[in-house]
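S.K.: Below are the chains, spelled out letter by letter.
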Amino acid sequence: MEGRPAALAYSVAQAMAKTDSEIGVRGGLPMPRRKQTSRREQTPRREQTAGPFETEALGAELASRLEPGDVVLVRGELGAGKTTFVRGACRALGVTAIVTSPTFSIGQRYPAPVPVSHIDLFRVTDLDGEDPDLLADYLDSDSIAFVEWPPVAEDPVARLARIAARVRIDHAGGDRRIVEIA
Amino acid sequence: MRILGLDTATRATSVAMIEDGPPPRELEARDDPPPGARPRHAMRLLALAAEVLDEAAVGWPEVDLIAVGVGPGTFTGLRIGVATARALARARGIPLTGVSTLHSLALNASRDGQRRDDVEVIIAVLDARRGEAFAAAWRQDEIARTGSPGTPLMAPAVYTPRALAARVGGLHAASMAIGDGALAFREVLERQGTFIPEDHSELHRVTAINHCRLARGLRGGAPDEVLPVYLRVPDAEISRRAAAQ
Amino acid sequence: MAHRARGLDPEPFRVILGIETSCDDTCAAIVTAGGEVRANVISSQGVHDRYGGVVPEIASRHHLELIGAVIDDAFARAEITPEELDLVAVTQGPGLVGALLVGVATAKALAAAYELPLAPVDHLHGHVAATFLAPDPFEPPFLALIASGGHTLLAYVRDEGPAFEVLGQTLDDAAGEAFDKGARLLGLGYPGGAALERLAREGHPDTFSFPTASRVQGLDFSFAGLKTALLYRLRELSEQEVERQRADLAASYQRAIVEALFGKVRRALSETGLDRLALGGGVAANGALRERFQELGVELAVPARELCTDNAAMIASAARFRDPLPYPDYLELDVYATGERTLAAR
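Going down the list, the protein sequences come from chains A, B and C. The numbering used here puts the first residue of the first sequence at 40, with every later residue one more than the last. The numbering used here puts the first residue of the second sequence at 1023, with every later residue one more than the last. The numbering used here puts the first residue of the third sequence at 228, with every later residue one more than the last.
Honestly, the hints are just simulated from the structure, not real lab data. Keep in mind that this is a model prediction, so the values were computed, not measured. By construction, the Cβ of each residue, glycine as well, lies at the ideal position given by its N, Cα and C atoms. Treat each hint with caution, since some may be false.
Selected chain B positions facing chain A (in silico; Cβ < 8 Å) [said to hold, decoys possible]:
#1 THR1096
#2 PHE1097
#3 THR1098
#4 ARG1151
#5 ARG1152
Starting from the given sequences, assemble the full structure and let the hints guide the process.
M.R.: In structure tokens form, the structure reads like this:
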């Protein structure tokens, strides 16, 4: 970044000071939360995979029981294989495009018989500060969505779609991973 | 005087023009996406503006003032509206003024044939998502005052349903609430004794015609001074500032 | 209107305004038909550093606040007036939707106000077109490697435009993303690329061995495994060891990224028979990478740093080689977020 012509000096503090006084009352009533459906809830399963192919296979297996409007939250630290898992699910859902990390663009939408959204919130520190439309563009009743790095508070996601599964992937040495699907 | 109005704060896209005449004229072109569909601000705004100009048979040089809705409303929508208005204004040297979308909405209630004598206060309420609402309230008598509508009884702010109910209850006046937010929080508001017109009433729709009316007589200013009124600081900024303290 | 009389003009698009807002830099540029950069204004928002990454909503807000002044600045530096414009070019995608929309709404309205044509440009085509700019335009055919925080692409560029053939791309993370995430694992700040490069200068690149994506078939790239390898290495080491060898880790990790890119480029050159290479994107600003690629012994074009990272001159440059949309055909133009249209974009 250094060496660029800094054409304009811009003060964030200045810009924020403007909005400070305009913030209204917050807090209060809890958000109306969509009721979780229990019809397809299954007992949590925990599996060890030997490599990316097996992690993809688990993703594909999960995909087979997803319906339009479902969202899957995928947790795990850097390099755990979240995108690998999602790639497997995408293939099973008929996505032919290359499934890459959407960290840069935040979200991607792949054409498929049921369109698939792939969201990565790695760079989004807190959903509340974002445009309410940020997720609305990707989560809807017509598509199946995967959210990497879901926020601690799941409310914004739950308001737009049905959380069908929570996946947790942990390193287990080398290419091995522990995949937990709940 | 010929004023072009633009609004992209709600799901709808509205473009309007008023001419003082003679004869005076009011035109509007708008896009209301069907329920469940995404807003089409990016695609429709400029096209609707071109349609309105065509309909009025005028070109950009004949526009004396642009009035753009600065919200509050959907962030992306507001930015499309303000960016478009600013670029048109700067390119053509047309003065630009920002209009509060809430104030414009409130003006619906004092239009001909809509005025209700049993109402003292108009509450404009827009859906702010996440279970919250943007709202502001004015005395009905003062809404139509061009430029400065008098001090609002409730300053534009984002409210939770509970906070909104508390504020509205505290007005102690016969009130009417309008806007998509009034529909979203109908129950909460009606419990406070607020009257809300039926769901399909035109009173709930933001129209850029009101932007033009409110801007009438205003001189407008430098395009870059007009910015959206978000009413929300990105929480990334809030948590950063909290951590810094 | 000055341009209305342009029907008689032999060279219709003499003066092009470029606008680029796909990520966190607000950019405007004035470029002539001959590829001369009359102005290239880049306003780096900078504010994202403290959040550890670009925050889309903040980026969009800043774009809107800055874009008017940035465009004014471009006109002032180029010493031309908006009335002298012949064409407006703008990045249509890929990038952050909210950020792109500020640029596209501005560009559409500016063009419409003057009834000028508008050229929507793909961001990656823009990076390639940076090499077509004066004073030393790099002439096709050549191989192009575009590597940045959001993209990693190997392309066969047969001519200036409007399209190119994609030979390879990343199957998971972008090269710049590997830099940023590696920097994060090493406890460096954001943006990580520059910080990692600085630290790497003090370390020995052969201290640690990291995978260079040789497992990936063909000319595609993969950086996800590298990221994981760094994570494992960090876990094996004690805190004191990490502290002592942080620079060595950075140097070794950087070398793995550079080697992964280098290996595929060398292979692509041999497979295509091309002997000319152009680099673009923010990663091309990396000193170690530039040094390594000198060793290929082919004719190498690396645009100046401010033309490698995101800028609007490259967008205006790309517009020189494609048919723009005449007024009013672009009024309903929308943006796109993802790269799949890069292939189809024309």
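S.K.: Hints first: check each against the structure and report whether it holds.
M.R.: Structure-based check of all given hints:
1. THR1096: THR1096 of chain B check passes; min Cβ-Cβ to chain A is 6 Å, inside 8 Å.
2. PHE1097: holds (4 Å)
3. THR1098: Holds. Min distance 5 Å.
4. ARG1151: Because about 3 Å separates ARG1151 of chain B from the closest Cβ in chain A, which is inside the 8 Å limit, the hint holds.
5. ARG1152: Nearest chain A Cβ about 6 Å off; hint holds.
The structure meets every hint from the earlier list without exception.
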